[in-house]
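Chemist: From first to last, the protein sequence lines stand for chains F and G.
Numbering of the first sequence is given in this note's numbering, commencing with residue 1 and proceeding in unit increments.
Numbering of the second sequence is given in this note's numbering, commencing with residue 1001 and proceeding in unit increments.
Hints are supplied without guarantee of correctness; some may be wrong.
[Claimed, not checked] Sample of chain G residues lacking proximity to chain F, with all beta carbon distances greater than 10 Å (derived):
| id | residue |
| --- | --- |
| 1 | P1125 |
| 2 | N1163 |
| 3 | A1217 |
| 4 | M1225 |
| 5 | Q1228 |
[To be verified] Not everything, but these chain G residues come out facing chain F in the computed CB check (under 10 Å):
| id | residue |
| --- | --- |
| 6 | Y1033 |
| 7 | L1047 |
| 8 | L1086 |
| 9 | V1089 |
| 10 | V1139 |
| 11 | S1286 |
| 12 | S1301 |
| 13 | L1304 |
[Unchecked claim] What follows is a list of derived Cβ distance ranges for each label pair:
| id | chain 1 | residue 1 | chain 2 | residue 2 | range |
| --- | --- | --- | --- | --- | --- |
| 14 | F | P146 | G | F1317 | 46 to 52 Å |
| 15 | G | L1101 | F | R229 | 28 to 34 Å |
| 16 | G | I1266 | F | P146 | 42 to 48 Å |
| 17 | G | F1317 | F | L153 | 28 to 34 Å |
| 18 | F | P146 | G | L1047 | 24 to 30 Å |
Note that these hints are calculated values from the structure, not bench results.
Note that this is a predicted model, so its numbers are computed, not measured.
Each residue gets a CB set at the ideal place from its N, CA and C atoms; glycine is no exception.
The chain contents come next:
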Amino acid sequence: MSAPAQGLAWRDRRRRAVNGTMLTLTGVAALLTVVPLVLILYHLLTAGLYLAEAQGSRLANAVRFLTDVMNGIPSIVIGIFVWAWVVVSMGHFSALAGGLALAIMLLPMVTRTTEEMVRLVPREMSEGALALGFTRWRTTLGVVLPAARSGILTGVLVSLARIAGETAPLLFTAFVNPYWGWRLNEPIAALPVQIFQYATSPFEEWHRLAWAAALVLIGLVLAVSLAARFLIRSPFKDR
Amino acid sequence: MQPVPEEAGALAGPGRAALAAAPGRGNLADRVYGAALVAMGLVIPLLLGFILLRVGISAWPAVREFGGGFLTSTEWNPVEGRFGALPFVFGTLASSLLAVLIAVPLAVGLALFLTELAPRWIAAPVAFGTELLAAIPSVVYGLWGIFVLVPWLRAWVQEPLANTLGDSVGLFRGPAYGVSILAGGVILAIMIVPFISAVSREVLSAVPRVQREGALALGATRWEMTWQVVLPYAVPGIIGAVILGLGRALGETMAVTMVIGNRPDIPTSLFSPGYTMASVLANEFSEASSDLYLAALMEISLILFGITVVVNTCARFLVWRVARRAGR
Chain F
1 MSAPAQGLAW RDRRRRAVNG TMLTLTGVAA LLTVVPLVLI LYHLLTAGLY LAEAQGSRLA
61 NAVRFLTDVM NGIPSIVIGI FVWAWVVVSM GHFSALAGGL ALAIMLLPMV TRTTEEMVRL
121 VPREMSEGAL ALGFTRWRTT LGVVLPAARS GILTGVLVSL ARIAGETAPL LFTAFVNPYW
181 GWRLNEPIAA LPVQIFQYAT SPFEEWHRLA WAAALVLIGL VLAVSLAARF LIRSPFKDR
Chain G
1001 MQPVPEEAGA LAGPGRAALA AAPGRGNLAD RVYGAALVAM GLVIPLLLGF ILLRVGISAW
1061 PAVREFGGGF LTSTEWNPVE GRFGALPFVF GTLASSLLAV LIAVPLAVGL ALFLTELAPR
1121 WIAAPVAFGT ELLAAIPSVV YGLWGIFVLV PWLRAWVQEP LANTLGDSVG LFRGPAYGVS
1181 ILAGGVILAI MIVPFISAVS REVLSAVPRV QREGALALGA TRWEMTWQVV LPYAVPGIIG
1241 AVILGLGRAL GETMAVTMVI GNRPDIPTSL FSPGYTMASV LANEFSEASS DLYLAALMEI
1301 SLILFGITVV VNTCARFLVW RVARRAGR
């Protein structure tokens, strides 16, 4: 990383640095959280559904337990795992690897919240559907799931907000990139990693940038969390 | 964190029966659906196994080279290829235990306050504020730690203590750098207080009304009821919450890395710098120059993985047991 450019007036230099940095980091942090979502979309609902459906079965209990275990894995271990698996095989850091690491962290979180939300749907709904002649899969996919939809969405948003602030999984996967870029094949910048870099650097100006970036990050995380909780109302939540 | 749930919700009962019946009889679509769900559910255990395998394979050269001595040696010499994990294991355990020591009175006190004492108009915003604290990313805590907490600790806590009690109390001796095991412990404590307090609140509200009202009916004051009836009933669950918080603190990387001083030695006092397993991984992983160095770091991540899994499992089991007891 180079120090800020010399030869410009102090005010211009600072403004340019701040604007450029904020633009890069915000946009890219957003990209990095979309990739995981896409990667695990197919799995989001289904694993949670499995746990909610096959209650009581020993396999489901074991899977639930292992999901909780996975929730507790330190994020840096997951980053190291993705490094050993993807980065080494690809030969370079990439946004894809970073997104994958975040997706692996997202997986157990969303599975559990989906399961909780599907459980909240009252029994009468599915029994009514079954009584009307719906088959099993139609009941779940056509009746129960839409009923749990808003709760699941809340869970997804809250989990996304949590992983948006994660640094450790990105340190060795997406690495750093001082430029704007959308390509999945290259390293990519992310707010938390940049905050870490700037905060531990010897430059005073970078410290200030770190504080600004932290403000942006907190703003993003809190905005998403609050929006998830207050804007999306599940009809079954407050019973 | 949730207990193993009894059958509840729309998909219990008939769902389970239908799913069980699906393989042999029933609609083809239902069978395919059931099988697909099971396949999806198995992704997580398989992924977990894959993670273990991959990290284990990468760690094997170091395991073969150092054997059990890895856990007892304090030497961390990348140049000569001699590695020992003891300072890091010690640093992780010490900072986490310190964090728990600081956090538990605060968190349990907060939970008690919110469930027993606080009127509605205080309880709601305070609870909300605690949730917000939990949502703050850990780098931001680290940033605040470097520029606010550490200078404050150095000026107002470490220097006075080192100057007055430094010679008599071993824990307070040594130069007061600021970055230290103490700073690591304090910042971890701040990070786990919301977590422990949230779980404790759940546990405390799960204490059945019957117990509370019985105590009051027998003439106990509110304090006596809380201290002698509610709390003992909730203690296993609270211990579970504390251990869960410990599990969180063990795996915490960024905030600790930024304030703990990062020196690979076993700290001799509260004020000396330390090094945790997660911190050494964060700092040195991208600079590991030799294969053995990398393998040693992989072995450290394996140890970290193992410790967090064990701690989390014990915690969940405890919380589950309490919830089950309260449900009867």
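Chemist: Please go over all the hints and tell whether each is borne out by the structure.
Modeler: These are the hints, each one checked on the structure:
no., hint, result
1, P1125, "14 Å, holds"
2, N1163, "29 Å, holds"
3, A1217, "29 Å, holds"
4, M1225, "28 Å, holds"
5, Q1228, "33 Å, holds"
6, Y1033, "4 Å, holds"
7, L1047, "7 Å, holds"
8, L1086, "19 Å, violated"
9, V1089, "14 Å, violated"
10, V1139, "5 Å, holds"
11, S1286, "6 Å, holds"
12, S1301, "5 Å, holds"
13, L1304, "6 Å, holds"
14, F:P146 x G:F1317: 46 to 52 Å, "35 Å, violated"
15, G:L1101 x F:R229: 28 to 34 Å, "32 Å, holds"
16, G:I1266 x F:P146: 42 to 48 Å, "57 Å, violated"
17, G:F1317 x F:L153: 28 to 34 Å, "32 Å, holds"
18, F:P146 x G:L1047: 24 to 30 Å, "28 Å, holds"
This entry does not satisfy hints 8, 9, 14 and 16, going by the numbered hints stated previously.
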